[in-house]
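K.L.:
Sequence:
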Amino acid sequence: MKWIGALLLLSTTTWAGFEWSKRLSDRPKHIRQLINALQILEAEIVYSQRPLKDAFFVIGKQLPAPASDLFTQLAMQLEQRGSDLPAVWSSTIEAWTLQANLAKNEKEILLQFGATLGQHDFTQQKKHIQLALHHLEREMHEARDQHLKYAKLAKSLGVLAGLFLIILLF
Numbered sequence: 000m001k002w003i004g005a006l007l008l009l010s011t012t013t014w015a016g017f018e019w020s021k022r023l024s025d026r027p028k029h030i031r032q033l034i035n036a037l038q039i040l041e042a043e044i045v046y047s048q049r050p051l052k053d054a055f056f057v058i059g060k061q062l063p064a065p066a067s068d069l070f071t072q073l074a075m076q077l078e079q080r081g082s083d084l085p086a087v088w089s090s091t092i093e094a095w096t097l098q099a100n101l102a103k104n105e106k107e108i109l110l111q112f113g114a115t116l117g118q119h120d121f122t123q124q125k126k127h128i129q130l131a132l133h134h135l136e137r138e139m140h141e142a143r144d145q146h147l148k149y150a151k152l153a154k155s156l157g158v159l160a161g162l163f164l165i166i167l168l169f
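Quick note on numbering that gives the first Met the number 0: the sequence shown kicks off at 0 and runs consecutively.
Read the hints as simulated data drawn from the structure, not as lab findings.
Hints are not guaranteed to be accurate.
[What the hints assert, rightly or not] Each computed SDA-like pair below joins lysine to any residue, with the alpha-carbon atoms no more than 20 Å apart:
#1 Lys151 with Thr12
#2 Lys126 with Glu136
#3 Lys28 with Leu62
What you are looking at is a predicted structure, and each value in this text was computed from that prediction instead of being measured.
With the sequences and hints as input, model every part of the structure.
P.N.:
So, in structure tokens, the structure goes:
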């Protein structure tokens, strides 16, 4: 019976370490998706001059999840609620960041960007998008560095913590 408990404890801590490592590796991917989404949004606003709701639908179709979920939800919320873009943006970002592996900094960048979205002419909007892209690029480099530093450590720590607890308890 002790062996079954020990194996369950080891497998649980190992799983936790691998899950932590996965979150570290997903963060740069999700930031990259946001960067791609903002680049597409820039093209849709500046060159195609589409309404934001239509641009969000286009972006939602072009990107993989979870970024596609964000822009599809934004488009649907704009369609249902009407023209209150800042409120729709912030509520959708708040809900979406719970499912995406993003840090507080990325969420803050997106919220600040959403406060300016749709309130300026095309050239000013392009500048705001470029600023958000610059900040997201910086965060992506930081996320990659953290992944390289801590992903292997998280896996090893999960296994070693399980072994330590087994030795300590049994």
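K.L.:
All hints, please: hold or fail.
P.N.:
Now for the hints, and whether the structure bears them out:
| no. | hint | in the structure |
| --- | --- | --- |
| 1 | Lys151 with Thr12 | holds (14 Å) |
| 2 | Lys126 with Glu136 | holds (15 Å) |
| 3 | Lys28 with Leu62 | holds (12 Å) |
Comparing the model with each earlier hint shows no violations; every hint is respected.
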